[in-house]
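Visitor: Each chain, letter by letter, is given below.
2 protein chains.
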Amino acid sequence: MAHFMDIHKNMKGLTKDQLLEAHNQDLANEQGTGVHFQKAWGDPTSGWVFCLSEGPNREAIQQVHRRSGHPADEIFEVPVSVE
Amino acid sequence: MAHFMDIHKNMKGLTKDQLLEAHNQDLANEQGTGVHFQKAWGDPTSGWVFCLSEGPNREAIQQVHRRSGHPADEIFEVPVSVE
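For the record, the sequence lines run as chains A and B. Everything in the first sequence is counted per this note's numbering, starting at 35 for the first residue and increasing by one. Everything in the second sequence is counted per this note's numbering, starting at 35 for the first residue and increasing by one.
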């Protein structure tokens, strides 16, 4: 499985509850796709949200986000990491 | 402590060892600043690197990155998260 960081740029005013709801939609819609959304971080001031996921490829990530009604603006594959 | 996601946009060809070295520089330079760099993810193809940290404010994050010789291009405070 590859790892991805995707960015949404239009979520100004986002609350914790809204981020949780969006994440739960992704978790419901990822079933059977090989995608798993792991974490998400949001900046309500700029409206940028970052989602960390794993999955087979970039398009699979976007397809789950589309089903949830919030396609990503950019998706980066992140094969190197330090945790 | 606040949480931050920062982005570096000019690290094409980045290797795992280089990311680890850059992260270790940040860990050395954050001492006494109240900043802690937690994780980092890199995309060698686009050259984008994402760093997750905590600290007192955006400027403190940038100051550590500057000491390490790799100032961030953008820094977002991310007060909402799902993990």
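Among these hints, one or two may not hold up.
Which copy is meant is left open, because identical chains are indistinguishable; a pair holds if it fits in one copy or across any two.
Unchecked claim - Here are the simulated lysine to aspartate or glutamate pairs, EDC-like style, with alpha carbons at most 20 Å apart:
(1) K50 with E93
(2) K50 with E111
(3) K50 with E88
(4) K50 with E117
(5) K43 with E93
No lab work stands behind these hints, which were simulated from the structure alone. All values derive from a computational prediction rather than experimental measurement.
Visitor: It remains to establish, for every hint, whether it holds in the given structure.
Guide: Taking the hints in turn, this is what the structure says about them:
{"no.": "1", "hint": "K50 with E93", "result": "neither (27 Å within a copy, 24 Å between copies)"}
{"no.": "2", "hint": "K50 with E111", "result": "between (26 Å within a copy, 14 Å between copies)"}
{"no.": "3", "hint": "K50 with E88", "result": "between (22 Å within a copy, 18 Å between copies)"}
{"no.": "4", "hint": "K50 with E117", "result": "between (24 Å within a copy, 12 Å between copies)"}
{"no.": "5", "hint": "K43 with E93", "result": "within (18 Å within a copy, 22 Å between copies)"}
Hint 1 from the list above is the single one not met by this structure.
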